[in-house]
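Got chain A sorted already, so can you dock chain B onto it with the hints?
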Amino acid sequence: MRPTLFQESNGLAGRWLTWRQRRLLTPYLFLLPVVILLGAIIFYPLTRAIGMAFQYYVLTDLPNAKFIGLGNFERAFSDKLFLDALGRSVYWVAGNIVLQLGLGLTFASILNQEFPLRGVIRGIILIPWVTPSAVTAIMWRFMLDGQSGLINDVLVKLHIIDKFVPFLSRPETAMPSVIVANVWFGVSFFAVMLLAALQAIPQEMYEAAEVDGAATWHRFRYITLPLLMPTILVVTLLRTIWLSQYVEIIYLITGGGPAWHTTTLPVYSFIAMRADLDMGYASASSICLSAFLLILMIAYLRALKRQENL
Amino acid sequence: MDTLVSFFSGRRLRDAIARGLLGLAALGIVVFVLFPFGWLILNSLRPEKDFFAAGFSQMPSSFTLENFADLFRRHDFAQYFLNSFVVATGTTLLSQFVAVSAAFAFARFRFRGRTPLRMLVLLVYMFPAVLLLIPLYIIMRDLHLLNTYPSLILAHSTAAVPFSIWLLAAYFDAIPRELEDAAKVDGANVIQSLFRITLPLALPGIVATSIFMFIVSWNEFLYAITFMSRTKLHTLPSAVWTITGGETRMMWGVICASGVVTSLPVAILFMIFQRQLIAGLTAGAVKG
Numbered sequence: 001m002r003p004t005l006f007q008e009s010n011g012l013a014g015r016w017l018t019w020r021q022r023r024l025l026t027p028y029l030f031l032l033p034v035v036i037l038l039g040a041i042i043f044y045p046l047t048r049a050i051g052m053a054f055q056y057y058v059l060t061d062l063p064n065a066k067f068i069g070l071g072n073f074e075r076a077f078s079d080k081l082f083l084d085a086l087g088r089s090v091y092w093v094a095g096n097i098v099l100q101l102g103l104g105l106t107f108a109s110i111l112n113q114e115f116p117l118r119g120v121i122r123g124i125i126l127i128p129w130v131t132p133s134a135v136t137a138i139m140w141r142f143m144l145d146g147q148s149g150l151i152n153d154v155l156v157k158l159h160i161i162d163k164f165v166p167f168l169s170r171p172e173t174a175m176p177s178v179i180v181a182n183v184w185f186g187v188s189f190f191a192v193m194l195l196a197a198l199q200a201i202p203q204e205m206y207e208a209a210e211v212d213g214a215a216t217w218h219r220f221r222y223i224t225l226p227l228l229m230p231t232i233l234v235v236t237l238l239r240t241i242w243l244s245q246y247v248e249i250i251y252l253i254t255g256g257g258p259a260w261h262t263t264t265l266p267v268y269s270f271i272a273m274r275a276d277l278d279m280g281y282a283s284a285s286s287i288c289l290s291a292f293l294l295i296l297m298i299a300y301l302r303a304l305k306r307q308e309n310l
Numbered sequence: 001m002d003t004l005v006s007f008f009s010g011r012r013l014r015d016a017i018a019r020g021l022l023g024l025a026a027l028g029i030v031v032f033v034l035f036p037f038g039w040l041i042l043n044s045l046r047p048e049k050d051f052f053a054a055g056f057s058q059m060p061s062s063f064t065l066e067n068f069a070d071l072f073r074r075h076d077f078a079q080y081f082l083n084s085f086v087v088a089t090g091t092t093l094l095s096q097f098v099a100v101s102a103a104f105a106f107a108r109f110r111f112r113g114r115t116p117l118r119m120l121v122l123l124v125y126m127f128p129a130v131l132l133l134i135p136l137y138i139i140m141r142d143l144h145l146l147n148t149y150p151s152l153i154l155a156h157s158t159a160a161v162p163f164s165i166w167l168l169a170a171y172f173d174a175i176p177r178e179l180e181d182a183a184k185v186d187g188a189n190v191i192q193s194l195f196r197i198t199l200p201l202a203l204p205g206i207v208a209t210s211i212f213m214f215i216v217s218w219n220e221f222l223y224a225i226t227f228m229s230r231t232k233l234h235t236l237p238s239a240v241w242t243i244t245g246g247e248t249r250m251m252w253g254v255i256c257a258s259g260v261v262t263s264l265p266v267a268i269l270f271m272i273f274q275r276q277l278i279a280g281l282t283a284g285a286v287k288g
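Residue numbers (our numbering), protein chains in the order written: chain A, 1 to 310; chain B, 1 to 288.
In isolation and in its complexed conformation, chain B is listed as follows:
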């Protein structure tokens, strides 16, 4: 009896209410983030005829994979998926080569122009994408690189590289020089010590930046739609946009399915490497 009274009039109740509200708020965040996705997935499984029906119903009348089948039968999505994959992989490889080299230089050497150059690399994010897009289109056109994979790989790399250099340099800085000096004593040259000592130790950073580069390239739309005008070379975001525009009647089922297919790889990558990504991002912020 006593404990009951003390519960209702004491701190315990207040704490319980506070915790309840907190739980609700946390739930709110989850709903906010995941609901649009849930709605997307739900509607990708909805048969097209539902959208022609008179009333609006929350749940699909039945579940079907027709929309996904349509994507691959009528809309050549396998090709678009391949295009995105080739561009993203190419971007990651090129960007790693460039970023690791530069980060190594910044972290391990003292040279003239080091600090200004380091700033200059990050400065590229200050330029509007549309400003650079216009002349780049002309340049690519003149070089006959329009509608080829390299045009996008190069453009995407410029977006992925600066931040990656910043992150990797922080990781490299954290590796004690003594390890590389020891290798030098044993007769290793610079390249060998880079590959055998530095890179393995900086692996979390390499993983985080690789995922970052892949996702940046996969998701990119502006350059993709500008450089690849031929439908056969569209990347997934361009393809998604194309199916959405131009139809007098929106085929929402198929459109939602295209959205699911496009976000699936990045969602999976994110789920697996979530911890590395966040650790990489915030670690860079702390060290940098």
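The following block holds chain A by itself, in its conformation from the complex:
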């Protein structure tokens, strides 16, 4: 009988690995691909990003690449565009979360009820999530267009406005418009997660409350909301982290314009890299973004822990 990986081999105990050693090594062998992949594509680039942030590293000026310490960071914090982008990131995240949470909760509540075709609609609600961001972008860019846009047409016909508004070219309306597009895109996630949580609430609790005479509003406030809170908090945290670094839809719809009015922090870094080829500065600003995110996460988790201990 030939010795296999798991079978003991008496006469060949001297082979390069003993049975015991092979057994210990096996899991690590299976983990090798993921370690190599993530190491090479995530963690190694991460260290290089940190390195570049402290350098003057512009691709069109490589001979002059040198270590400049905190130079990039100083430049960032005195750059009006950077600071504006920071403020816009906050606006972007807050706007998105409020709308996505509100709509998501509404949709989930509706889908939690019994009605025919419920299963079909639950499937449909995920469609925005699987749509390519590029397609979402052109959908909404088209609808918001200042000349051929559907939204303009409808608003004029309803006499809400009297002539077409170029939503995406006007500084005041650009960001809200992009937020709307992204809300369409992101509601799915909230809706699906909240629906799953709603379904986990046992029917008996509602029935008991109804027997005790609780009105619909009370049932929501004292049963649904508390049981839903953990999910709401977790999903909100995840989406906040995701939104803070999200570039695609913003860049696809407005490229950060008009005049930087839709530029959030990650978009700013992306443009610094793409347009100026200033890798050092771009890395530094993304590191600032990561630092803010980290602080946000820690603060949030601390608050969460405190709430649990109450």
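Calculated directly from the structure, the hints in this document are not laboratory data. No experiment lies behind these values; they were computed from the predicted model shown. Be aware that a few hints might be false.
Simulated pairs of lysine-lysine, BS3-like, Cα-Cα distance not exceeding 27 Å [claimed, not checked]:
(1) B:K232 x A:K163
(2) A:K157 x B:K49
(3) A:K80 x A:K66
Coordinates of chain B only, in the frame set by chain A:
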């Protein structure tokens, strides 16, 4: 007569109204989700001259497939479609190899560093994409991998793998060890038991993760536009963006058609595998 009176003054009416409102609300959701798509498709069939017309009309003056023909004649969309397909398929294959191996290790073995490693794998989602993109661009440049398929396949795999490992490990956990032990008694080694026992039983998980990997890769834009600067190698999302930018006059008909072509495969995949996908996502949430 009596029943009529009782209907209008009793619970039945309230219930009927409630149900009516619910139906309306459900309809609202459907409209919210599907309307932008419907508008996209409608306008992809609209002749270009409609957009030059003075007034705005809801319905197209006529229906035409000219825009789609344009995509393939003037805009090389067949090539872009191929690029997206190659990258997405490559991503799925590589990611499955990596994810299945790792998930198997996490589910079936006890070893030092197991829990921290499992956390670390999910931690990668916390890093901003733009942060990693910048050095990765330099690395790819130095390795002469820019404008090649492997650059995107590798990058996309890192996005698809962590979640897939999490999902697959949950599926593997659910398969009783006795089955594999029985195989071991019969003389199978680890690899054989993996392929003949574990994987077939975890097939729903494999399907769900494969669809997930394909869609993630197909839809991706940021890395695609950064690594593939040569137009001939553009993936579909990059191509869509390129036709939209740079034109002084927006060719909305063609642009909408490009959107339809780009989302068609993922829409189809989603329709077919919808149940598996949702089951996979929520099952992972429940088990994990």
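Hint numbers not upheld by this structure, sorted from lowest to highest: Hint 1 is the one this structure does not satisfy, whereas the remaining hints hold.
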